[in-house]
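**Q** Sequence:
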Amino acid sequence: MPARILAFAQILTVGFAATAASLSAEDQIDFNRQIRPILSDLCFSCHGPDNNQRQAGLRLDTAEGARAVLESGHAAIVPSDPAASTILSRIVASDPDVVMPPPATGKSATPAQVELLTAWIRQGAEYRGHWSFIRPERSPVPAVKHSDRVANPIDNFIFSRLEAAGLAPSPEADRVTLIRRATFDLTGLPPTPAEIDQFLADDSPEAFSRLIDRLQQSPRYGEQMARYWLDLARYGDTHGLHLDNERSLWKYRDWVIAAFNQNKPFDSFAVEQLAGDLLPEATLDQKIATGFNRCNVTTSEGGSIDEEVLVRYAVDRTETMSTVFMGMTLGCAVCHDH
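For the sequence shown, our numbering gives the first residue as 1, with consecutive numbering after it.
Just so you know, the hints here were simulated from the structure itself, not pulled from any lab data. Check each hint, because a few of them may be wrong.
For lysine-lysine, the following DSS-like pairs were computed, each having C-alpha atoms within a straight-line distance of at most 30 angstroms [as the list claims (entries may be wrong)]:
(1) Lys287 to Lys264
(2) Lys251 to Lys287
(3) Lys251 to Lys264
Pair ranges (Cβ atoms, derived) [claimed, not checked]:
(4) Pro103 to Ser40: 16 to 22 angstroms
(5) Leu279 to Arg247: 20 to 26 angstroms
(6) Leu279 to Ala151: 37 to 43 angstroms
(7) Ile196 to Glu301: 35 to 41 angstroms
(8) Pro153 to Leu243: 16 to 22 angstroms
(9) Leu330 to Leu278: 46 to 52 angstroms
For every residue, glycine included, the Cβ atom is placed at its ideal position computed from N, Cα and C.
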């Protein structure tokens, strides 16, 4: 088989060069967006992170594994050298004993996918971590034409994108529109006529700042901000299953509202919800905060199976915690705990 692989590599060298040339030199291939999905779909089931399923000692989900020289004396991916990268010769092979993925899988690489893989390897076959695990980098603030309209660095980025698209910024909002937007955003309610008149009568440079301070001191502020968090926590006034009858979880809801109104530090906000009852000399409020772990749907149906229901609860709580605090659903772990 190694001899046949070498033959494929020699025959296809010119083809790979022509294919890669069809992509503009400026088209930098994005690993996470363009390459990882291809490898995940076609390769990872046999050449991925699962030790028990891995075939031929080849691992393609890491740069080290993909570039390692195998027993055949060849590497699946040789950066900047498509002709020497056996992954390419295998996915375009016509011999059913050589082609990858194997015909039994019912999958095969499309010409467009081969083109992307070829160009990516020619560009150096750079692997990048999943976007959600890459530490954010502070971008330089771009210079813009409408510098007189810039109030903070966010404006620079907005104006920069507008200029790149050939668009001009919209005129500044009038003061009635401004108070309506701010009041809806921070309290979920429209401003009263008296509040509008008060804001219009204040012609000082600090008028808008004072408006924001007043809105954030309103009890409605906590109610508005809590809505988003309670959605993430999957809060509901009812059990969510079977009769869907009411349950007494409102104290947790009120705790979240109070946390926003009191500007509770986020570390305390997180710890108390996850394990407030385990804190030394936990207060009643800290115990109430753990209602976060009880927002899952529950049932008291007579025919329910305890073991099944408990597993369902655990899955729901795990997904909620991981989604909210880790940005990952962990849904795959229900079946795949490796």
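**Q** Next step is simple, just say for each hint if it's right about the structure.
**A** Status of each hint after checking the structure:
no.: 1; hint: Lys287 to Lys264; result: holds (16 angstroms)
no.: 2; hint: Lys251 to Lys287; result: holds (11 angstroms)
no.: 3; hint: Lys251 to Lys264; result: holds (17 angstroms)
no.: 4; hint: Pro103 to Ser40: 16 to 22 angstroms; result: holds (20 angstroms)
no.: 5; hint: Leu279 to Arg247: 20 to 26 angstroms; result: holds (25 angstroms)
no.: 6; hint: Leu279 to Ala151: 37 to 43 angstroms; result: holds (41 angstroms)
no.: 7; hint: Ile196 to Glu301: 35 to 41 angstroms; result: violated (52 angstroms)
no.: 8; hint: Pro153 to Leu243: 16 to 22 angstroms; result: violated (53 angstroms)
no.: 9; hint: Leu330 to Leu278: 46 to 52 angstroms; result: violated (22 angstroms)
Going down the numbered hints, you'll see the structure goes against 7, 8, 9, while the others check out.
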